[in-house]
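Here's the letter readout for the chains.
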Amino acid sequence: MFQNRAEALALALPAAVFAAVVFLLPVSILLSESFRLQGAWTLSAYGDFFSGTLNRTVFIRTFKLGLEVTAVSAIIGYAAAFAIVNLPPKGKGRMIGLVTLPLMISPVARTYAWIVILGRTGIVNQAVTGMGLSDGPLRLLFTETAVFIGLLQLFLPLMILSLISALENMPKDAIPAARVLGANWFQVFWKVILPLTREGLVVGGTLVFTGSLTAYITPAVLGGSKVLMLETLLYQQVSVANNFVSASVIAFMLIVMSFAANILLKRLATARNKR
Amino acid sequence: MKTSLIASAALLALIPLGAMAQDRTLTISVYAFAQDDFKTLVYDPFEKQCGCKLVVETGNSVERLAKMEANKANPAVDMAVVSMADALSASRKGLVERIDPSKLTNFEKLYDLAKDPNGDGMSVGYTFYATSIAYRSDKMKIESWADLLKPEYVGHVAFPNVTTNQGPPALYMLGLALGTDTSDLKGPIEAVGEKKDDIVTFYEKSSQLVQLMQQEEIWAAPIGRFSWAGFTKLDLPIAWATPKEGQTGGMNVMVVTKGSKNQDLALQFMDFWLSTDIQTKLAEKLIDSPANKEVKVSEAAANNLTYGEETAKTLKLIPSAAALDNRDAWLKEWNDKVGQ
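If you read the sequences in order, they're chains A and B. Heads up: the first sequence at position 156 corresponds to 156 in full-length UniProt numbering, and the numbers run straight through without jumps. Heads up: the second sequence at position 211 corresponds to 211 in full-length UniProt numbering, and the numbers run straight through without jumps.
Looking at chain A on its own, in the form it has when it is part of the complex (with noise of 0.2 Å):
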């Protein structure tokens, strides 16, 4: 396309200025904090945050719900995205449209949406007493559950429209072609979808994980300091103790955990397309 690499390079020197003034020098700066100590380079900010057991806690819980909301994600978003990719080109766009709206409305009207549904009195509450299955309102708000309803909603359509630009990519004879040989539903899945579409499965599972590690406004109203996660934990660790160290660690924790869940997820979808 380029004639040379040189004008390549010429044309993303504007974009690459750009992004390492404003985001890679700041947070480089920012990210150094947590390797010096009174001058000198250590890790000792790691030590002592991990010689924390409320830390490990929080640090396991938010991986945990990561790798959760991940996983429900994929499991409901290929079955949505499959439904969807399978309807009229009418249906499909009005479809797709209703997977985009929430993407529109701000996360934090979302999430308190979420108060007024998993509330003592809301619409979950009324079902399950109205049904005889309680005797009284759950406690369902500031509750881990609700930390991953209200994340699951939050990331879900990422996952439907990835898998949906995947699905719509795969060879249309693709399936057929496998029941044709006696496959059944779960072969054809593992076999022939998964394969042809880890692309979009990378894609949605890297923004939903990422998307749930960082996530602040959900954790803090749905879980509050109950459900402290790595998120919750940096905004205390900045706005009250004041402890810049600690928060970089957390930062630090954060973004290495995004990158490696998108490397992981790379090395997956290549080791089953080399087989």
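Don't read these hints as lab results, they were simulated from the structure. Just so it is clear, the structure is predicted and the values come from calculations on it, not from any experiment. Treat the hints with care, as some may be off.
Said to hold, decoys possible - Here chain A is said to cover these stretches of chain B; the calculated rule only asks that three of the stretch's residues, wherever they fall, bring their Cβ under 8 Å from a Cβ of chain A:
| hint | segment |
| --- | --- |
| 1 | 172–180 |
| 2 | 195–202 |
| 3 | 214–222 |
| 4 | 325–335 |
Unchecked claim - Chain B residues, not near chain A, derived (Cβ > 12 Å throughout):
| hint | residue |
| --- | --- |
| 5 | Glu108 |
| 6 | Met140 |
| 7 | Lys205 |
| 8 | Glu294 |
We put the beta carbon where it would ideally sit given N, CA and C, even for glycine.
Dock chain B against the given chain A, drawing on the hints supplied.
Just chain B, lined up with the frame of chain A:
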């Protein structure tokens, strides 16, 4: 926040143009709360009076302190409002100037506790607030801070997180009710920790509570009086408790940045804000409880404010030094006993 920063940056960028019309510019940093009302009641009239330009930055107290420290060599803000404890922190770090009371014509009109809250001459209180318990009077009876932890009530209580302004004072009063009177707050934190699974939530923002009360998610919560107005608008029987241990509270203060080139103008603005006229207007709008004892407000407003000399005298405030020296220990203790 971002918008405010961008707006402030844009305003700063326009200063050279504005300077042709107005030679003097005062930059202040305040809480984001009720800024439309502040503009109408305080900022615009002051600009008219001083013939100067007012640039307003907003944010919370800790953010403000962090910015003041970062800009220590070249202060970007002339005057700021912060919590009492943050004012002492700023004073210890050499970020603020001593305030000369002779330059404040309204100084003598202040309640005694607002004149020099930290006893170091570096700040002046402009509003104080009581902290007590808002509760559903049809569901429960609150006579003591310890009632919050009663088995029949605790499952309907929201308690302030230790990281909020209301957290430590509420814990201090709970400690008094449980028979401990120490600033390490270990006793009350342990008591709350034992009931942490029953307590509905440890809130970060008092604005959350109105919705939780409306949804009957909670029946009671310790709150600052400045949040009370929101509860009175609910069609529910909600009362303000007068526990036998008394009420606690807090105070917000004004400081002048060290090295500010507009110190006289900053003091002029502070004096304007402390005047009977402005404090009355802010009180009638239920924005800030007055620190000026000459302020007289309607009965309706008085019922929704921390108002009057007697109230001011009876508030049990945690000394700033105790708050500052124990802040990290409180957080650690809280995270150990309540946070996990």
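Against the structure, the hints come out as follows:
With 0 residues having a Cβ less than 8 Å from any Cβ of chain A, the segment 172–180 of chain B misses the three-residue criterion, and the hint is violated. For the segment 195–202 of chain B, the proposed coverage by chain A is satisfied: 4 residues have a C-beta within less than 8 Å of a C-beta in that chain, meeting the threshold of three. Three residues within the 8 Å Cβ limit are the bar, and the segment 214–222 of chain B against chain A gives 3, so the coverage statement holds. For a cut-off of 8 Å, the count of residues in the segment 325–335 of chain B with a CB near a CB of chain A stands at 4, and the three-residue condition holds.
At roughly 35 Å, the least C-beta separation between Glu108(B) and chain A is larger than 12 Å, which holds for a residue marked as non-interface. Distance check for Met140(B) against chain A: the nearest CB is about 16 Å away, which clears 12 Å, and the non-interface claim stands. Residue placement check: Lys205(B) does not keep its beta carbon more than 12 Å from all beta carbons of chain A (closest about 9 Å). Here Glu294(B) stays apart from chain A, with its beta-carbon at least about 36 Å from theirs, past the 12 Å limit.
Hint compliance for this structure: hints 1 and 7 are not met, and every other hint is.
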